[in-house]
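Number of protein chains: 4
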Amino acid sequence: MEGTGLPLVTPFDETGEIDEPALSDLVDRVTDAGVDFVVPCGSNSEAPLLTATERRRVVEVVADRSDVPVLAGTGQPGYRETLADTEAAAAAGADAALVVTPYYFRHDQAALASYYRGLADESPIPIFLYSVPKYTETPLDPRTVEALSTHPNVGGIKDSSGNLERLQRTVSLTGDADFSVLVGSGSIYAAGLDHGADGGVLALANVVPELASEIYDRHTDGDTDGARDLNRSLVELNRAVTARYGIPGLKAAMRSRSLPAGHVRRPFQPVDDATTTELAELVRAAR
Amino acid sequence: MEGTGLPLVTPFDETGEIDEPALSDLVDRVTDAGVDFVVPCGSNSEAPLLTATERRRVVEVVADRSDVPVLAGTGQPGYRETLADTEAAAAAGADAALVVTPYYFRHDQAALASYYRGLADESPIPIFLYSVPKYTETPLDPRTVEALSTHPNVGGIKDSSGNLERLQRTVSLTGDADFSVLVGSGSIYAAGLDHGADGGVLALANVVPELASEIYDRHTDGDTDGARDLNRSLVELNRAVTARYGIPGLKAAMRSRSLPAGHVRRPFQPVDDATTTELAELVRAAR
Amino acid sequence: MEGTGLPLVTPFDETGEIDEPALSDLVDRVTDAGVDFVVPCGSNSEAPLLTATERRRVVEVVADRSDVPVLAGTGQPGYRETLADTEAAAAAGADAALVVTPYYFRHDQAALASYYRGLADESPIPIFLYSVPKYTETPLDPRTVEALSTHPNVGGIKDSSGNLERLQRTVSLTGDADFSVLVGSGSIYAAGLDHGADGGVLALANVVPELASEIYDRHTDGDTDGARDLNRSLVELNRAVTARYGIPGLKAAMRSRSLPAGHVRRPFQPVDDATTTELAELVRAAR
Amino acid sequence: MEGTGLPLVTPFDETGEIDEPALSDLVDRVTDAGVDFVVPCGSNSEAPLLTATERRRVVEVVADRSDVPVLAGTGQPGYRETLADTEAAAAAGADAALVVTPYYFRHDQAALASYYRGLADESPIPIFLYSVPKYTETPLDPRTVEALSTHPNVGGIKDSSGNLERLQRTVSLTGDADFSVLVGSGSIYAAGLDHGADGGVLALANVVPELASEIYDRHTDGDTDGARDLNRSLVELNRAVTARYGIPGLKAAMRSRSLPAGHVRRPFQPVDDATTTELAELVRAAR
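Protein chains in written order, with our numbering: chain A, 1 to 287; chain P, 1 to 287; chain D, 1 to 287; chain V, 1 to 287.
Since the hints were derived computationally from the structure, they do not count as laboratory data.
Worth double-checking, as some hints may not be accurate.
If you want a taste of the chain P side facing chain A, the calculated C-beta under 8 Å gives, among others [claimed, not checked]:
#1 51
#2 81
#3 111
#4 115
#5 133
#6 137
#7 245
For glycine and all other residues, C-beta sits at the position ideal for the given N, C-alpha and C.
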């Protein structure tokens with residue numbers, strides 16, 4: 001995977017059911033906007049609030065509709081469920097699997113390396129590592145990533161730590177391998193590309209897919225100043241749809257552009273009216 | 001629920017399958033040792049590494065065998081799965097459901113209160129709150145607990161924060177309600193009882209069920225000094241089977257007493273030989 | 001040191017100068033109320049906001065007035081200043097020195113052990129360890145305390161971590177030594193005494209010295225239930241004058257009882273009127 | 001201030017006394033290497049382990065010898081000492097004062113804003129804000145920085161949080177003011193410059209002043225790729241002399257190049273031989 005990836009939200013209807021037509025429509029909208037690959041069942045999809053059956057169906061709907069590669073989130077707290085999810089995603093049409101570090105329990109780097117190595121050995125599709133300490137408290141150490149990067153069925157990493165030092169180390173330590181380093185923090189996408197990342201997977205892209213893609217395009221066209229300027233103009237919006245208001249904020253921002261975001265599932269609660277207005281203004285001001 | 005509860009480990013065989021006969025045997029062993037209730041599918045059961053089907057089966061096996069009340073862990077990251085798990089546990093014979101604060105995503109106290117209130121409204125069996133910030137990063141605020149404690153279908157809380165100030169506040173703020181406060185930290189069981197807790201749910205009880213129960217019995221017999229002395233003698237062992245070596249250490253300690261603990265599931269790794277020896281010595285020294 | 005210690009606030013006048021008559025008056029008021037020893041230049045004195053000259057003068061004023069033992073805070077980020085402060089405190093009349101783990105920079109347990117050992121070797125008065133991770137982020141490990149406890153010039157520890165497991169381990173590991181374990185968290189004073197602590201040093205005692213002392217007295221009289229009941233009735237007040245509103249809240253609460261607390265020094269800001277009212281109500285409700 | 005600043009270590013002799021000739025020599029060595037300004041009494045100087053008298057003397061020695069601007073660290077936990085230190089630094093020849101957020105006690109953003117505003121009103125030289133959460137736990141919020149940036153006697157900020165999102169926000173929010181944003185993390189110096197920072201103050205510059213300066217020079221010459229490449233080649237060395245081995249590692253790395261670093265003061269301990277060798281190899285490999 002390279003370029004701009006989009007971690008699709010999952011549209012739910014008012015009863016909390018997955019709205020499949022809306023999801024298909026969302027795939028159309030964002031791929032038309034130029035994203036390079038899509039990521040169903042990532043964190044922003046509320047995947048931990050879905051059943052295994054639902055997750056498989058989400059991947060299927062997305063893979064059926066998408067004309068770009070599909071990197072499906074399949075990571076669960078346990079090895080067995082993760083492998084089962086990965087196999088199901090492959091069967092549903094995913095090109096590769098994005099596996100978050102196992103959560104709830106904390107594991108050391110040796111256990112994580114063993115876990116990923118086992119999955120990569122058994123998975124029918126390439127495994128991408130996914131480090132998101134804001135949810136899991138466990139960052140993947142660049143030395144662990146280095147050790148895994150040479151496995152033929154490990155395709156890359158999404159690093160959502162927001163830490164550019166760590167990203168640089170990961171790029172340096174995996175430099176010789178056929179291994180994609182993907183930036184997972186919308187505020188440092190351009191910086192990550194400047195420092196050798198191959199692309200990104202950005203919540204923000206759900207709201208402004210055309211701008212997220214443009215950061216990448218400017219960068220690859222050599223206009224690194226322009227890429228950074230555009231990225232910087234999106235930092236406040238990015239914070240609003242991630243750290244500040246989370247997935248409820250992300251979906252509200254999308255709705256302000258008439259993107260088919262749908263509702264959130266509980267325990268998430270919708271944002272209030274003042275936040276909806278603030279988000280709409282941030283979206284309007286973007287660019 | 002009151003008295004000493006035991007958060008049963010789940011014995012796995014060498015292939016990682018649930019060893020049901022071992023689980024039944026474990027129920028016999030620990031109820032013979034005097035524990036007052038059992039908790040299948042709590043954190044120590046590796047429940048997040050089980051499928052929903054397996055969780056239901058674990059509850060069923062335990063409920064079928066146990067002659068003491070069954071408080072079944074049913075908390076998942078999402079509301080729907082938690083409710084489904086709770087209904088399944090009830091159908092499988094559980095007397096009440098222990099619902100961990102939803103994990104992976106972080107939710108504020110208002111969202112948590114709404115979540116628990118909804119579950120309590122819909123659940124066929126009483127709901128127990130479960131606050132375990134070492135896994136979820138989100139402690140339940142005593143004010144939130146106070147607000148929920150008056151719901152007729154909220155039965156109590158397991159507080160595993162290890163924070164005696166918080167426990168005291170919880171006891172004080174729920175004092176008028178028919179609400180059980182259960183200590184979730186083996187090192188402060190006697191102290192919690194001294195301060196008004198109704199019982200405990202202790203990982204340590206898997207290893208030394210007779211001693212965990214004796215802490216409670218001494219306390220209720222008025223020998224609070226003796227309860228504390230016994231508890232203090234178990235602090236190093238408790239740390240070893242929780243904070244230091246986790247569930248792999250817990251199972252190794254159990255095996256040193258020939259208790260049917262079985263293996264761990266991945267991503268957990270078994271402890272090494274030196275740790276096994278250290279744990280066996282701590283078990284031997286207990287009391 | 002044993003029994004109830006009082007970490008005296010430092011009264012400042014409106015220009016920020018130390019109000020020595022008020023400080024002397026405060027010593028009278030609190031020793032009349034029955035506290036067993038006083039602690040000038042502890043955290044609650046705003047000692048890090050004083051010059052070395054001022055700290056020496058505070059100790060002198062307190063030692064001149066007090067008819068109970070004086071445990072003077074002397075810990076600075078560096079060894080040299082700490083030793084100089086300790087010598088100055090001894091010359092000013094202190095009976096022992098309370099040395100906080102060195103702050104700003106973080107040091108490992110080996111460096112901390114070496115630091116305390118050196119101070120104990122050189123100090124003219126006994127050294128008390130002081131672990132307060134809410135300010136320093138570095139708790140003293142009970143094993144480090146154990147190693148230091150046998151030094152003839154190390155007199156004890158004030159443990160303000162609020163962690164009863166750690167306190168129990170400290171009591172157990174220093175059990176054979178002539179070493180005082182002092183509870184530094186007002187909410188777990190009675191519990192700490194129950195578990196073998198020799199006394200406490202409690203911010204709360206500035207506000208209700210007679211009640212803090214009564215917890216200890218009830219405990220030593222064998223009325224451990226009464227000690228805990230009294231302690232529990234003070235938990236909300238304790239939180240208000242520590243975690244919630246800090247030293248500005250502590251001083252405001254004291255003023256509501258006409259205790260000579262004086263003003264705070266910058267960067268502290270006084271609490272607002274609503275908080276002053278809330279604190280006064282909590283004080284009134286105490287007991 | 002703009003360009004590459006060097007937070008000078010303080011050389012101590014074997015007895016722990018300041019080695020003034022070594023300090024003067026160090027100033028010569030690093031200014032010859034091209035750094036744009038020097039920072040005595042910053043964190044890397046072990047300033048919290050110096051007396052006020054010593055801090056003033058360090059500034060004096062540096063200001064007397066330096067032919068580049070001097071930004072002197074003057075921040076203490078309290079307002080009064082910080083102001084006194086700032087006045088002393090000005091008298092000793094400092095051009096501006098670098099004031100760390102007050103430590104030991106935690107203060108909210110409003111208190112911090114009031115603190116800095118007061119200092120800026122009273123200081124004879126410009127004040128630079130200094131946010132270093134790894135020591136103080138309290139990052140300055142970009143909105144706080146924005147509010148302070150328009151004060152005529154606030155000259156800029158050193159942001160050592162290592163967080164490029166925050167740095168970008170700070171640059172954006174202070175964009176219209178005559179206000180310097182200085183990067184405080186060696187691993188993201190080039191990235192910070194790319195995103196609008198005016199320079200940096202880097203521990204790493206003590207070891208390789210010519211390379212730290214070259215990052216800035218390449219950047220300003222338009223060779224931003226070259227700046228980043230050079231910076232990336234220094235990331236492992238930077239980590240070794242900051243996060244991994246701290247000031248003892250920094251001084252050992254300097255000594256491997258025969259730079260007059262001297263010894264550390266207690267509670268710091270020198271690094272062991274293996275670390276000395278590792279550091280020397282990292283230094284040798286740099287570039």
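Tested hints:
For residue 51(P), the interface hint holds, since its Cβ comes within 8 Å of a Cβ in chain A; the closest pair sits about 6 Å apart. Residue-level restraint check for residue 81(P) holds (minimum Cβ-Cβ distance to chain A is 6 Å; threshold 8 Å). Annotation: interface hint on residue 111(P) holds; nearest CB of chain A at approximately 5 Å, less than 8 Å. Residue-level restraint check for residue 115(P) holds (minimum Cβ-Cβ distance to chain A is 4 Å; threshold 8 Å).
Restraint check, residue 133(P) versus chain A: the minimum CB separation of about 11 Å is more than 8 Å; hint violated. The beta carbon of residue 137(P) comes within 7 Å of a beta carbon in chain A, closer than 8 Å, and the hint placing it at the interface holds. Violation of the interface hint for residue 245(P) is found here, the shortest Cβ-Cβ separation to chain A being roughly 11 Å, above the 8 Å cut-off.
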